[in-house]
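Novice: So the sequence lines, in the order shown, correspond to chains A and B.
One gets the numbering used here by counting positions in the first sequence from 1 and adding 52 to each.
One gets the numbering used here by counting positions in the second sequence from 1 and adding 4 to each.
By construction, these hints were calculated from the structure, which means they are not laboratory data.
Some clues are possibly wrong.
Stated by the list, open to error - Taking lysine-lysine pairs in the DSS-like style, the calculated list, with each CA pair at most 25 angstroms apart, reads:
| hint | chain 1 | residue 1 | chain 2 | residue 2 |
| --- | --- | --- | --- | --- |
| 1 | A | K326 | A | K137 |
| 2 | B | K54 | B | K218 |
| 3 | B | K72 | A | K249 |
| 4 | A | K286 | A | K137 |
| 5 | A | K249 | B | K178 |
| 6 | B | K54 | B | K72 |
| 7 | B | K218 | A | K326 |
| 8 | B | K178 | B | K72 |
| 9 | B | K54 | B | K178 |
Bear in mind that the values here come from a model prediction, so they are computed numbers and not experimental data.
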Amino acid sequence: MATSARTAGQGLLSRYGWTIWIGILAVLVAQGLYSFARQRIDGHQLAGLDDTAPWGLYIAGFVFFVGASAGSTVIGLTVHGFGRKDYEPLATRAILIGLLSLAAAVTFIAVDVGRIERMFLLPWFWHNPTSMFFYTSITYYVFAAILLAELYYTVRLTRGSTEPRDRWMAKWLAIMAVPFALVVLHAPHGALFAVVKAREFWANPLLPPHFAVVALVSGLALVIPVAIVTSWLKKRELVGTHTLAHMGALLALLIAVTAVLDFFDWLVFAYSDKAAGVAAWDILFGSHLVLSVIHVGGYMAALATLFFVLRFRREWLVPGLVVACAITLLAVAGYRYNLVTVGQAVSLLPVIPVNEYWPSGTEISIAVGIIALTALSYSILTKVLPLEEDAPAQREEPAVVTGRLAPAGEST
Amino acid sequence: MPRYGMVIDLERCMGCRACMEACKVENNTPEGAFWMHVFRFEEGEYPDTKVGFLPRPCQHCENAPCVKVCPVQARYMQDDGVVLTDFKRCIGCRYCIVACPYGVNHFNWTPPEDAYYLDWDDPDLEKATGGAVPPYDNPDLDQPHGDRGTLVAGGGHYDGTTEKCTFCVQRLEKDLLPACVSNCPVDVFSFGDLDDPESAPSQALRSRRAFRLKEELNTSPKVFYVGQPPPSEEIRPIDIVSSTGGQ
Chain A
53 MATSARTAGQ
63 GLLSRYGWTI
73 WIGILAVLVA
83 QGLYSFARQR
93 IDGHQLAGLD
103 DTAPWGLYIA
113 GFVFFVGASA
123 GSTVIGLTVH
133 GFGRKDYEPL
143 ATRAILIGLL
153 SLAAAVTFIA
163 VDVGRIERMF
173 LLPWFWHNPT
183 SMFFYTSITY
193 YVFAAILLAE
203 LYYTVRLTRG
213 STEPRDRWMA
223 KWLAIMAVPF
233 ALVVLHAPHG
243 ALFAVVKARE
253 FWANPLLPPH
263 FAVVALVSGL
273 ALVIPVAIVT
283 SWLKKRELVG
293 THTLAHMGAL
303 LALLIAVTAV
313 LDFFDWLVFA
323 YSDKAAGVAA
333 WDILFGSHLV
343 LSVIHVGGYM
353 AALATLFFVL
363 RFRREWLVPG
373 LVVACAITLL
383 AVAGYRYNLV
393 TVGQAVSLLP
403 VIPVNEYWPS
413 GTEISIAVGI
423 IALTALSYSI
433 LTKVLPLEED
443 APAQREEPAV
453 VTGRLAPAGE
463 ST
Chain B
5 MPRYGMVIDL
15 ERCMGCRACM
25 EACKVENNTP
35 EGAFWMHVFR
45 FEEGEYPDTK
55 VGFLPRPCQH
65 CENAPCVKVC
75 PVQARYMQDD
85 GVVLTDFKRC
95 IGCRYCIVAC
105 PYGVNHFNWT
115 PPEDAYYLDW
125 DDPDLEKATG
135 GAVPPYDNPD
145 LDQPHGDRGT
155 LVAGGGHYDG
165 TTEKCTFCVQ
175 RLEKDLLPAC
185 VSNCPVDVFS
195 FGDLDDPESA
205 PSQALRSRRA
215 FRLKEELNTS
225 PKVFYVGQPP
235 PSEEIRPIDI
245 VSSTGGQ
């Protein structure tokens with residue numbers, strides 16, 4: 053049985069270590085729940101928000117995790133769309149990351165809204181077709197259904213199903229998930245901000261496609277360390293070095309595209325002669341300088357790290373990838389946070405003073421709790437679900453000839 | 005059907021904020037909530053400075069961004085042009101707050117019962133005032149109003165929801181003027197049907213040059229300003245009011 057086989061070969065993830073890990077996560081979840089309960093009783097005044105900055109860390113977390121959820125679908129596409137079977141051991145984990153990231157995103161929204169009990173009536177009972185938020189709320193349900201169906205058929209295949217229908221469904225659900233995640237699910241989250249013409253920092257038609265690319269970056273940057281850490285814990289390679297290098301190259305390409313979009317985004321602001329545009333620029337390079345450096349500097353550092361390990365030091369590939377992914381995730385988080393907060397830090401009218409927003413202890417505590425809950429759910433689900441690495445069939449990597457992909461004819 | 009609108013004469017306004025006070029008393033808004041706000045600002049360089057005032061109620065836009073973005077249609081416009089909030093429907097997502105170019109919305113960050121100015125249940129309060137404490141609740145606010153016949157007037161100031169100026173919908177239904185209009189000592193406000201050429205706002209607009217806030221956004225506010233040009237980008241706000249209310 054898959055689970056017992058995993059228990060026997062857990063490497064560093066011993067029963068004792070696993071219990072400690074789960075215990076730490078449970079404590080973090082508990083403190084988050086406590087803070088959430090306090091916020092429910094004493095009101096959102098416990099958050100650092102006010103009427104001039106009504107969206108903050110929760111919305112930044114929401115956007116980050118929706119993006120990660122959408123981006124994780126790229127693994128399924130690589131396996132089924134591009135025939136890269138060496139990625140297959142990551143398929144179930146990537147779907148799980150997608151599902152749990154989506155759940156984390158919805159949880160961030162749930163703790164942010166004032167009337168959580170009414171939130172789930174949307175979109176079924178109350179709806180406004182002109183609201184992007186109404187539209188995105190539909191996509192969560194559809195995307196969750198796609199991912200659950202994909203998970204179901206992938207698990208059936210892992211359990212040894214040879215039915216052509218299962219393979220066909222797993223393949224087409226995985227292929228369909230990508231355009232849905234990027235175009236239907238995540239790009240409209242960019243539009244959620246872009247349609248707000250009151251905020252010059254947001255009212256940017258480039259934002260929806262920008263969001264789609266950042267989603268791929270964050271999804272991939274989340275899956276790569278998961279693959280590496282899982283291999284490390286299990287003392288068994290989940291995917292080979294060549295596959296990791298391929299993922300690293302793909303990540304580098306996506307980061308480069310994002311950086312180009314950021315460059316032109318900021319270039320337009322640098323030339324802005326409107327008061328709101330100038331003010332946003334001043335904030336980005338004033339009180340938000342550290343975050344701006346994390347955002348842009350993070351992309352540059354991640355690109356440099358990836359280039360270095362892929363081109364010159366292949367033996368440092370694994371630590372290099374972990375570092376690059378960690379920096380990338382920080383950079384994306386910095387981008388999301390800046391996007392949400394700087395847009396509101398600019399005064400709407402010259403007469404209205406703006407209180408600068410920084411997250412409160414309660415917000416940080418709840419955000420940590422949600423992230424811990426996501427990690428806890430992932431840890432438990434990967435214990436109980438059959439995963440590809442435990443399946444009997446062995447999959448082969450494409451052959452590598454001196455550090456590059458072998459031409460099609462040379463593949464073993 | 006009338007199309008309600010307001011004209012604000014900035015030349016007359018002396019910044020007494022009686023309109024803000026009248027709004028608070030009429031609508032029982034909790035601490036930190038200002039459905040009507042008179043911004044005070046300073047412009048010029050010393051010694052050539054001057055103080056200006058900008059009363060800002062909800063602009064009740066014809067093309068209201070808050071109505072467009074509200075995911076549950078809690079924010080809606082009546083046939084008479086008044087933009088209202090259905091408090092039993094609002095989910096508290098605050099999308100209306102970020103979408104409004106005028107900053108008129110207030111979210112109840114603090115449970116309203118914890119954000120009243122006075123503790124109405126405190127027996128010492130009655131002693132201190134010699135029994136002259138009026139009931140806090142304006143009973144009109146707890147009644148259904150408006151086209152939908154729902155709780156839109158703000159009675160109770162519901163926790164976790166967003167609220168704003170209603171043009172005193174409960175008073176309009178009794179053919180009364182909004183509280184800010186009735187209580188201004190120098191007749192800054194003209195309120196009435198913008199489609200009626202004989203109404204007070206139509207007459208006020210006829211002879212004077214008017215502007216609306218942020219006209220470039222095409223929100224078509226139904227609040228017009230006359231008497232002075234719009235505040236420039238160089239003005240300096242004088243006072244800051246916390247919007248979170250409570251302690």
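Novice: Quick check: which numbered hints come out false for this structure?
Specialist: Violated hints: 1, 5, 6, 8 and 9; rest satisfied.
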